[in-house]
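Listed below, chain by chain, are the residues.
2 protein chains.
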Amino acid sequence: MKILRTVDVADLDDIAIGGAVLGTGGGGDPYIGKLMAQQAIRKHGPVTLVDMDELADDALVVPVCMMGAPTVMTEKLPQGDELMNAFTALEKRMGRRIDAVLCAEAGGVNSTTPFVVAAASGLPLVDGDGMGRAFPELQMVTFTLSGVSATPMVLCDDKGNSIVLDTVSNAWTERLARAATIEMGGSALLAFYPMSGRVAKEAVVRGTLSLCARVGRTLRRARSAHADPVAALVDLLGAQVLFHGRIADIERRTEGGFARGQATFRGVERDAGRSLRLEFQNEFLIAERDGEVLATTPDLIGVVEADSGAPVTTDSLKYGQRLVTLAWPCHPLWRTPEGIELVGPRYFRYDVDYRPLPAG
Amino acid sequence: MKILRTVDVADLDDIAIGGAVLGTGGGGDPYIGKLMAQQAIRKHGPVTLVDMDELADDALVVPVCMMGAPTVMTEKLPQGDELMNAFTALEKRMGRRIDAVLCAEAGGVNSTTPFVVAAASGLPLVDGDGMGRAFPELQMVTFTLSGVSATPMVLCDDKGNSIVLDTVSNAWTERLARAATIEMGGSALLAFYPMSGRVAKEAVVRGTLSLCARVGRTLRRARSAHADPVAALVDLLGAQVLFHGRIADIERRTEGGFARGQATFRGVERDAGRSLRLEFQNEFLIAERDGEVLATTPDLIGVVEADSGAPVTTDSLKYGQRLVTLAWPCHPLWRTPEGIELVGPRYFRYDVDYRPLPAG
Chain A
157 MKILRTVDVA DLDDIAIGGA VLGTGGGGDP YIGKLMAQQA IRKHGPVTLV DMDELADDAL
217 VVPVCMMGAP TVMTEKLPQG DELMNAFTAL EKRMGRRIDA VLCAEAGGVN STTPFVVAAA
277 SGLPLVDGDG MGRAFPELQM VTFTLSGVSA TPMVLCDDKG NSIVLDTVSN AWTERLARAA
337 TIEMGGSALL AFYPMSGRVA KEAVVRGTLS LCARVGRTLR RARSAHADPV AALVDLLGAQ
397 VLFHGRIADI ERRTEGGFAR GQATFRGVER DAGRSLRLEF QNEFLIAERD GEVLATTPDL
457 IGVVEADSGA PVTTDSLKYG QRLVTLAWPC HPLWRTPEGI ELVGPRYFRY DVDYRPLPAG
Chain B
157 MKILRTVDVA DLDDIAIGGA VLGTGGGGDP YIGKLMAQQA IRKHGPVTLV DMDELADDAL
217 VVPVCMMGAP TVMTEKLPQG DELMNAFTAL EKRMGRRIDA VLCAEAGGVN STTPFVVAAA
277 SGLPLVDGDG MGRAFPELQM VTFTLSGVSA TPMVLCDDKG NSIVLDTVSN AWTERLARAA
337 TIEMGGSALL AFYPMSGRVA KEAVVRGTLS LCARVGRTLR RARSAHADPV AALVDLLGAQ
397 VLFHGRIADI ERRTEGGFAR GQATFRGVER DAGRSLRLEF QNEFLIAERD GEVLATTPDL
457 IGVVEADSGA PVTTDSLKYG QRLVTLAWPC HPLWRTPEGI ELVGPRYFRY DVDYRPLPAG
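Sequence lines, in order, name chains A and B. Under our numbering, the residues of the first sequence are numbered 157 to 516, in order. Under our numbering, the residues of the second sequence are numbered 157 to 516, in order.
Any given hint might turn out to be false.
Copies of the same chain look alike in the list, so a pair counts if it fits in one copy or across any two.
[Said to hold, decoys possible] Taking lysine to any residue and the SDA-like style, the derived pairs with C-alpha atoms no more than 25 Å apart in a straight line are:
(1) K199 with D255
(2) K315 with L301
(3) K474 with D314
(4) K315 with A335
(5) K315 with S325
(6) K199 with G423
(7) K357 with E494
(8) K315 with Y503
(9) K315 with S305
(10) K199 with A388
(11) K357 with R502
(12) K248 with V355
(13) K248 with L216
(14) K315 with S302
(15) K474 with H200
(16) K315 with D507
(17) K248 with I406
(18) K315 with G303
(19) K315 with E497
(20) K315 with E494
(21) K357 with R445
(22) K474 with M250
(23) K357 with H487
(24) K315 with R491
These aren't lab readings, by the way, just hints derived from the structure by calculation. What you are looking at is a predicted structure, and each value in this text was computed from that prediction instead of being measured.
Assemble the whole structure, with the sequences as input and the hints as a guide.
Right, here's the structure in full:
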């Protein structure tokens, strides 16, 4: 197996920040997942990142992630073993050895949680994920578009409870897993979507973890070179700058296990006199300037600090912050009719059609 | 194995009615479980009832039941296979053959659901249960008092979803299973509390199914002999007549997956001028006459029609009905400090101490 890259403790700083950028406001605080992954790598050694094509067609590939409202995850740090518990319980249920770990979501937390399992199990980690970004519900992965079942799936909590689900659809998996996660205190650790290497080659968004690392590195280097980190980020992602502004109003509630709400920005500089409204459900889903929709899910909408380019999550938005809102195109798989049905604005009950952002 | 009794289609009429009497207002409509069980017996043949002592110490015994608010169960009839699905999934999870089926609860539905599995599997059914009555939560079984874990447990629904739980306590099992049951539409089919014959001999309330049959037969015979069915029932159970009255007010809500509420009776005959209030959570839990507590959980409080002695469930209480309220002593295991802690009035947040009813 050709080694694409070995990921060590220091690399996770970049990956976590990059994950938070692709996380588009959701996917949790990058600090949490990073600490867990760094601890695992310190204990077990570095993680080997592999390209999808390096895996055999009959390999068994299993994604892992943390599920729940990011606001809760931040307050309820997992003890570290729960992810491995879920992973090994699923391996037992499958009745065969798992060959590689996969990332389900590029978010602040979930871009790094798979490193915990890869380090502890000694298995390679696939350089890719199931979204190329973050989304709030667990059926919202490219795996679903390829017909992969989310179950058998294992959920574990920090108390020692575990649940194995077998469902008739990925929407049912979301429903039952969400109810369990809420009951478990708002967050749970998951191993799910077991799939063959053959299927994974079609279903996975490739290169996501390298992209996370590149995003983090780009921001870090721009800062140390006293260059403009936001400009560097825009370049790298092919993003559009939607708005320069300060938060004027923020409304947030934890509802049905999600962090839902909206943020209103008052424009500054080129956007003085205008206002921008962002709707979110864990992730930013709709950007509307003075009543005009500028970008919608599944395209990515990100908010970063104007000075540092640091990504801002929906749960850390604060009144008065000076921020830049960006948007950039999603993976082509999301732009298919099936993709739009699964994660487009109408799924989230916004009365808006998806209009693809042009490539930057 | 000595055959205690063979239960055929006709016997289930008595058992279901007796189960509804021991079900103390909860445990669902006796009609539902009976239909399922009769259908299974017609298809697979009669069920063999065995005494606990006929089982080997190393036998594997598994209780099955339906979980949910009785109000929902009545509207959402299971398709029949879900119980066997749960049972065989648990057998697979245990990695060995199950030797006997057990009844978890003597209620309108759950005194008969185990017959479905016993008939379909051809396994003997133990003449006993885990309560000697019905209770609203799944940790409320004598199995818990004997230290038996409710998990591994399997829940199945009517859509084809299934869940395997492994929990750190039976209270956690209740919490997670309740959330899943609500999400599954309000009811689910369970196989749980797998235990050895040795443990079951200590943990099971014996003779419950025969008692159900005897109660049903007693009512039926009293009616055909034009005798007083209520008097015959009082005799058989060693019950006290708490109150003769008509329902003056009934307040009912489905809350957290339970049918909760209270019923107020206006006295007639010997109780004219008095009033009785019953509190329920699926089952009747407290009986209070003119402010004086007459009986509390875990002792059994039952409401029957004055003329026919037919048991009335909390969800079929109607304004103006002429009813008799009875109470009789629970199984001695419930009168221990551990029993009172698990199912006494304070667990249900009533500010009342348990005072054992004298034997009738």
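Between K315 and Y503, at a C-alpha cutoff of 25 Å, which is it: within one copy, between copies, both, or neither? between (34 Å within a copy, 23 Å between copies)
For K315 vs E497, is the C-alpha pair at or below 25 Å within one copy, between two copies, both, or neither? between (37 Å within a copy, 23 Å between copies)
Is it within, between, both, or neither for K474 and D314, if the alpha carbons may be no more than 25 Å apart? Neither: 30 Å inside a chain and 46 Å across chains, both beyond 25 Å.
With identical chains, the pair K315 and S325 could be close in the same copy or across copies; at 25 Å between alpha carbons, which is it: within, between, both, or neither? Cα proximity of K315 and S325: across copies only (10 Å, versus 28 Å in one copy).
Within a copy, between copies, both or neither: which one fits K474 and M250 at a CA-CA cutoff of 25 Å? neither (45 Å within a copy, 52 Å between copies)
Can you give me the call for K315 and G303, within, between, both or neither, at a CA distance of at most 25 Å? Answer is between: at 19 Å across copies they meet the 25 Å cutoff, but 33 Å inside does not.
At most 25 Å between alpha carbons: which applies to K357 and R502, within, between, both or neither? This pair counts as neither: shortest intra-copy Cα distance 29 Å, inter-copy 58 Å.
Reference check for the pair K248 and V355, CA-CA at most 25 Å: within, between, both, or neither? within (21 Å within a copy, 28 Å between copies)
Is it within a copy, between copies, both, or neither that the alpha carbon of K357 lies no farther than 25 Å from that of R445? Answer is neither: 39 Å inside a copy and 71 Å across each miss the 25 Å cutoff.
25 Å Cα cut-off: does K315 pair with A335 within a copy, between copies, both or neither? Close inside one copy (17 Å) and across copies (17 Å); limit 25 Å.
25 Å Cα cut-off: does K315 pair with S305 within a copy, between copies, both or neither? between (27 Å within a copy, 16 Å between copies)
Are the CA atoms of K357 and H487 at most 25 Å apart within a copy, between copies, both, or neither? within (15 Å within a copy, 61 Å between copies)
Of the hints listed earlier, those the structure fails to meet are numbers 3, 6, 10, 11, 15, 16, 17, 21, 22 and 24, in rising order.
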